[in-house]
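Kindly produce the complete structure, drawing on both the sequences and the hints.
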Amino acid sequence: MTVMSVTAGPKRGWKSISTWIGAVIVGIAMICAVFAPLLVPHDPFAQDLSKRLLPPFWMAGTNPDYLLGTDQLGRDYLSRLIWGCRISMLIGVTVTVVSALIGITIGVLGGFLGGRVDDAVLFAITTRLSIPVVLVSLAVVGLLGSSMTLLVLTLGLLLWDRFAVVARSTTMQVRNLDFVAAAWCAGCSRFRILAGEVLPNIASHLVVVATLEIALAILLEAALSFLGLGVPPPLPSWGLMIAEAKDYMFFSPWVIVIPGVALFVLVMGINLLGDGLRDLFGARTDP
Amino acid sequence: MLQFLVRRLIVAILVAATVMTLAFILTRLSGDLAISIAGPNATQADVEAVRKAYGLDRPLTVQFFDWVGRAATGDLGESYFFKTKVSTLIGERMPITITLGLTGLVIALLVSLPLGILAAVRENTALDRVVQMVALVGQAMPSFWLGLILMITLGLQLGWLPISGTGSWQHFVMPGIVLAFSAIPALTRLTRAGMIQAMGSDYIRTARAKGLSRASILLKHALRNAAIPVVAIAAVQLGFMLGGSIVIEQVFALHGVGFLAWESIGKNDFPVVQSVVLVLAVIYVALTMLADLMNAVLDPRLRGP
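Keeping their order, the protein sequence lines are chains A and B.
Straight run, no breaks: the first sequence in UniProt numbering ends on number 287.
Straight run, no breaks: the second sequence in UniProt numbering ends on number 305.
These are calculated hints, taken from the structure and not from any lab test.
One or more of the hints may lead you astray.
Claimed, not checked - If you want a taste of the chain B side facing chain A, the calculated C-beta under 7 angstroms gives, among others: (1) V15; (2) L156; (3) G243.
What the hints assert, rightly or not - Across the chosen pairs, the derived CB separations fall in these ranges: (4) E123(B) / W20(A): 21 to 27 angstroms; (5) A45(B) / I28(A): 32 to 38 angstroms; (6) T149(A) / H255(B): 30 to 36 angstroms; (7) D119(A) / A286(B): 20 to 26 angstroms.
As the list claims (entries may be wrong) - Looking from chain A toward chain B, a few residues come up when the C-beta cut is under 10 angstroms (computed): (8) F226; (9) P232; (10) L263.
Positions of the beta carbon are idealized from the N, C-alpha and C atoms, including for glycine.
Shown next as structure tokens:
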């Protein structure tokens, strides 16, 4: 059983162009992520010092083999960009899965059980919000050495707050609705009510939160990799690409413009899609 | 009111205690600290000497309660690298981080309040959509990248602002703009939503019926009510900005607390790292308490009996 709240006015949801732009961007990113090994024109890790810092196609003196030019070690920039998309999407999705598992469990339990449990959940959320995310992730990676798994676990353990807040508040609303009372009367178990009645009704809100979290995780990964404590080199994370190109940015600005624009467009696309879905579901995502 | 404050204070102390425990566990994650402090070329004897000198030979629980006991009296221990008190180090660097945070907040408010009011007054017009687009752009902007782009454009090509360092007030303009970007989306949306709600309320209809001018209705009546949550969230945002300034401090070579923490992570200087985590968390908790207080002071309806 599901409750649909209809708040969609004109030009909302799938009728809005921005939702479609978001969906197309996310679609392209997903294709790049999944089929990266087939799509890259060159080996993204192959260095060729005789072809260092070739400019991209819109500038003078380009090499048609390298559409977006090459980096400071002569690696094909387009191939690294596509591979970087794979890394960004992989981290965004896996971090969100980890944080969703933690946040939804905590939030639903607090909202459903109330009382002391809910006090503990609120306390956990307050504590989590007071912890500076970037600093703590940097410290963990700095102390334990950088690896993708560690990065995903660290960010996942830190980014569950919004899932918890939204899961808690929406569960509280659903808990008091008539069909839940009916399920109680019919003798359903607590688990059955949680899994069969509560979760399906808060799922749409959680999907919207998930899009926001994927975007946030991608931005955070890029920032951590930029600071040298995220994805380990030579993997072409967009943040790492910007960090490696930083020394050349005053002479050839495109070396940081290309990965930065890619990052911005991807995060923007995910957020546009998320906004569209929110309007479509009539979901709330504000804490 | 007093009861409310006492409860908030107890929660704040509990949060600080939890963060202390987490920060302690965090710095012990790497295994044997003595080995990492002594460095890769150290002999067994060196490691043992380090272990003794820093008290790392004691049981973990003793080390933990020692740290908590000292921190409660304001003694955060001594930095392994700088060989000075951590509290002195943080005290020296804090003004830069606070200046950066406040600059960012002021810029964010100067942008968000007018934009939010404009969007609310012209709700569902092209202007409204442009403002919402600005919020989306702000949300998607990688701050470190924006910083680099501003350095190239405003710094190098136009030569308007210094590229890095902390010599003058101009040094804080670019980092302030970058930091403001992280707060602008939330503040703009909140101002817009608050203004739309306020404009639809009964007291605005009364004010209109009395024949008050549009400016007076907007600024005196509607904004006063819409601003209450904005002011409160602004305090919380400042907390997030102080915590998030580590990236921007690194980009612009501002030697604030975030930069200190970043340096200390690279040097395994864990008393500094755990103290910065603790201090930032305490500041955040204090700012959220301040936000609740401001809510109560600004909105008499929340004060209660």
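Taking the hints in turn, this is what the structure says about them:
1. The interface hint given for V15(B) is met, as the beta carbon of that residue sits about 5 angstroms from the closest beta carbon of chain A, less than 7 angstroms.
2. For L156(B), the interface hint holds, the least distance from its beta-carbon to any beta-carbon of chain A being 6 angstroms, beneath 7 angstroms.
3. A hinted interface residue such as G243(B) counts as satisfied when its beta carbon comes closer than 7 angstroms to some beta carbon of chain A; here the least separation is about 3 angstroms, so the hint holds.
4. Distance hint check for E123(B) and W20(A): the Cβ-Cβ separation is about 23 angstroms, which falls inside the suggested range of 21 to 27 angstroms.
5. One distance hint, 32 to 38 angstroms for the beta-carbon pair A45(B) and I28(A), is violated here, with the actual separation near 59 angstroms.
6. At roughly 33 angstroms, the beta-carbon separation of T149(A) and H255(B) lies within the given 30 to 36 angstroms, and the hint holds.
7. At roughly 21 angstroms, the beta carbons of D119(A) and A286(B) sit within the given window of 20 to 26 angstroms.
8. Residue-level restraint check for F226(A) holds (minimum Cβ-Cβ distance to chain B is 5 angstroms; threshold 10 angstroms).
9. A hinted interface residue such as P232(A) counts as satisfied when its beta carbon comes closer than 10 angstroms to some beta carbon of chain B; here the least separation is about 15 angstroms, so the hint is violated.
10. Hint status for L263(A) relative to chain B: holds, with the closest Cβ pair at about 5 angstroms, below 10 angstroms.
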